[in-house]
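K.L.:
This is what each chain is made of:
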Amino acid sequence: MRAGRAVLLAFMVLTTGARAQEEFRQPGTPPAPQPTPPAPDFIDTSEPPGFLTVPVPDRNRIIDTLGVPDNPVNPYHQSTLKGDRPIIDDWFIQVSGILDSFYEPKAVPVPVDVVATYRPSTGSQFGRPSQELVSVTLLPSLSLIKGDTSFKPPDFELRFTPAFNYAQLSTEELGLVNVGPARGTVRDTRFVGIQEAFADYHLWDVSPRYDFDAIRVGVQPINADFRGFLFQDDQLGVRLHGDRDNNRFQYNIAYFRRIEKDTDSGLNDLSQPLRRDDIFLANLFVQDLPVPGFTTEFSVVENLNHETGTYYDTNGFLTRPAAFGLENPHKYDVTYYGLNGDGHFGRLNLTQSFYYAAGNDSQDEITGNKAKIRAYFAALEPSVDFDWFRLRGSFLYASGDGHPNGNTESGFDSILENPQFAGADTSYWIRQAIPLIGGGGVDLVGRDGLLPDLRSSKDEGQSNFINPGLLLLGAGGDMDVLPSLRLSFNANHLSFNTTQILEILRQQSPIHRDIGWDLSGAATWRPFDTQNVVLRASGAFLLPGQGFRDLYASEAKDQIYYSGLLNVILTY
Amino acid sequence: MMRTDKFRRVPLSAAALLACAAAGEIPLAARWGSFGGAPTAAIPGSNRGSTNPPSRTQGSSNATSQPPGRAFLTQNDVEGVISRVVHEASARHIDTTVAVVDRMGAVLAVWQNGSQFTWVRNNPNGLQFNQQLNGFPIPSAAAAIAKADTAAYLSSSQGNAFSTRTASQIIQDHFNPGTTDASSGPLYGVQFSQLPCSDLMNRYSPATPTNQPGPSRSPLGLSADPGGLPLYKNGVLVGGVGVKAIGPYGLDLNIHVDDNSIDETLALAGTIGLTAPANITANKITVNGLLLRYTDVSTRNFVANPASAPPFATIADKLIPVTGYYDATNGVLSGSTYGTPSSGLVTDTSGMISVKNPPYVLADCANNSCEGRYPIVAGAPGTLTQDETAAILRSAYNVALQTRAQIRNPPGSAAKVTISVVDVNGTILGIITEPDAPNFGIDVSLQKARTATFMSSPSAGPLLAAKSASAHYIEAAWSFFNAPVFSQGEAWSARAIGNISRDTYPDGINGSPNGPFSLPAAETTPFSVGLELSLVLGNLGSHLAYVEHPTVDADTPKVCTALANASGAPPVLANGLQIFPGGFPIYRGNVLVGGIGVSGDGVDQDDMIAFLGLYNAGVSLATGIGNAPVDIRANLLSAYGVSPRYVNCPYAPFLDGSGDNVCDGK
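Chains B and L supply the protein sequences, listed in that same order. Residues in the first sequence are numbered consecutively from 1, following our numbering. Residues in the second sequence are numbered consecutively from 1001, following our numbering.
Rather than coming from a laboratory, the hints here were simulated on the basis of the structure. C-beta atoms are modelled at their ideal positions from N, C-alpha and C, and glycine is treated no differently. A portion of the hints provided could be inaccurate.
[Said to hold, decoys possible] Just some of the chain L residues that point at chain B, by a computed CB distance under 8 Å:
#1 T1180
#2 G1289
#3 G1508
#4 R1633
#5 G1641
#6 A1652
#7 V1662
This is chain B alone, in the form it adopts within the complex:
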């Protein structure tokens, strides 16, 4: 995109973290011959004598002179709204907007409300699974940027991105859209959240190649690794970030205090007090380690949760502490040590992630004692490209707690996962929240989540390290059949690593480990070969294994659990 480099910078930071800084540089650009001073932003008449100085208009005005008009409507033309031209001096603005709409039909196991009757014929625990979700989110964004960002990071940026969401969830049972059965089966919600509101200040350059340090304060996107396994969110924090050695090293040092989420939209709810949940993060990305083309990330992330109060979500469901085990308020302190990588070894593309989590829980929800947290996680995605076809393999292992009555919690849980892995939101298991019916007020797996972590809510609940863990083995492919059309498919086999905690919660045994097969496919069509209009249709099925059938109706083999998605994303 030609539109403002600042936008690109911001966008890349948003989507991939500080690592994206490398995108600024032309590959193979030779080092600047004069290490100091750095190239000025504008023609500067105070240049030291001896330089050839010819006073000419800056490039933006040259364009005017050349007769290229400002076009605020088409983002591919010169546009002041897109930061192509300054509004004053070297101040730019960047206006963008995303309209993300989707329709999501699905079938997930649901309980029948036990305190009321909706259909007189129902006399048992499992209700009709069909649900439909319609959601429209408008994300306008305004940035104010100082500095000519074509060839270097901006000096200063202010950005504000609210989100306006409308959603309607239709179900077939009472007690799902709200704890009160009198509220019926359909929920209409409107919510305005603040997804970005930050100032980014360029502290200084530390080399003639614009290696820099900058600090960003406010509500900002953060992703602790390449694929959103641990912590991907838009959160309130302070982040010092920068790079070294011609961008071969990038780092982040950050502190976040988490904002409450709106239950229905998942957007940031700044009308509520901040959560008593702090995250300290430090990471270092090293390019070309161990081989050129592969980037390795070392990270340490500490999550201090002191949420010992009681919190109900907007629909009246107890969220903290989770309705799980003793249901006692508790706090935890866990540190994640991460080793992540992304890149390629020759023709083999590889993304890998490894985390070891160690910490303490003030009160184990099963034993009532203080407990240690010791858990780990590993994920691997190798892929090979054959022209227009990419073949992917997926492997993921999250440790489970095989001894819930012991004093070590060994089930891995994230801070806030948003995994881009094994099909992501195309997949049934990842996309849908599946309630652990009869096992407390927790989900077996959260929405847009991989880990069967038995949390009350992925967005609003505390982490839970007493969980069955997960083993995922899968394969998939991406086919760029046309420049504008990509077809993807994924087949994942899922199983728990241990089911002791499920057997305790459900007072049921045996519960088998086999969750089942998750089969999904997606078509992504970009009619104009750009990201401005993206249409996506996807469908997924869960073919339940014995463990899933143990949990959700033994005739589940006759029940088709599906998840569909029709998605239109319009971007300006």
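Since the structure of chain B is provided, determine the placement of chain L on it from the hints.
P.N.:
Structure of chain L alone, referenced to chain B:
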């Protein structure tokens, strides 16, 4: 009002209970005794060390020589329990009352050096002072016996060990207590079972003090006051210990904090050497994913070493008599062995239910010859034949054998319940109980069967409206549903009755109106639940007066509620109304002929065993017997946009993994 903050002496006039009962709510059958001035009867010399203990037929041998699964409390065991309790109390300079019962509720000893009286915790939010039982003075011994009974009755040998603290957690307006918008405790209302007026529960007979087959009545029903723990020998449930030393007769309102209960600490000291197996205590058992509570205390709380408790002989002079329960002149008794004639439960030899896995039945036994108390019989003409009664019981029993238990460890165990069938008059047509089912279910299953039967009868409304204890509630129901319910023949399950007996409707949703059979939410506690208690409050009052003043006050008749007490009246609700799930009316076609009640496991399990048992029996009998026609069930009614629920069967219902949603469309 006379309640004081001191528990040691509660001065109370004869008018106290009368005044405390909600005006117009209940005509008390007897006046309340004058507690304050009445000395406890002198205890005749009862130094246990010098006389041979009276013992039951099997009571004299050492329990450790019993075959597996058979054990009982010996006199030595009971004495040891009391010694340890007293030793811990003495070290704390606390006076106390302690009772020990066997698994069937026979009182084996009551020891007291403390206050004769305590009082029921008052409701701080109550709009009416001392509403229903709130704030009532009660004998400490009655409290201790009720606590011991509760632990013994709620527990089992192989599945679960529950305490009075467990009971507290599952009878409150939310589960867990204190949670907002969570539905009520699964056993909401169970505290008013095993009542002293129950026609089923046995009474102490002074004539045969050493032979008291159970199940024995409890002076206060079941207790939620921490300080009642079950007693085990070699993994076998043999009884319970109850302690009332400090504070009112209350409950555990906040399960998330340690309430540092002295009563419970003392009781725990008593259990040393007789503790429940660690793998079946309540804190290892979940209900809907939530762990139950067993105790808040541990041996670390002890200030005295239980092993150094003094010999019982040194404290034996503080055994006290409790009218209707225990005669101290006989000293400490030994308990019966569960499932043997002296326990009042014997193996069913009729073969009508199962030859391979015969249930237990209630029996009166003498000279090694037992007579079943409730042999399987036909009901009143036009109701159920004997074959039909047997088929329903058998069918429900077969469902129970396959049912996954909710409250038994290890996970994947079979449910153990009691099944009762009554005819349309509430007459008992048969009661069978699975070996090792918790005993509370015997009385409760009958309550549920009678509740569903009586409330489904079109005469229920007029009858209830005619009694001062219930008129207010039935009128509230008419207005609630804007229909003359209970007089037009709707079919009410115990679950549906429970829905309208909660302090919020729909159940658990804060801020909702109260159900018509409940008091308003602010006035509701486990000691003031509304209609259920109102119907038996007079029975309880007269019984407690009798316990204190047997020469002045008559005991409650052996039938609960004024409905059943009238001359010639059928035994409807004769052991009290019950308001949690597990009871269904039985119909022949469109005609109400009786009811079935199941109790002893999770409420959804109870529901399924009764509902599906009846359904399956109807299919196999093909005589028109079955569940209520779907078009007359109470779940078609609606109030505030919400319909009550008729039946709810559990997830993963069967042990073999087959079936789910097994009750739909039936």
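K.L.:
Decide, hint by hint, whether the structure agrees.
P.N.:
Results for each hint:
no.	hint	verdict
1	T1180	holds, 6 Å
2	G1289	holds, 2 Å
3	G1508	holds, 6 Å
4	R1633	holds, 7 Å
5	G1641	holds, 5 Å
6	A1652	holds, 5 Å
7	V1662	holds, 6 Å
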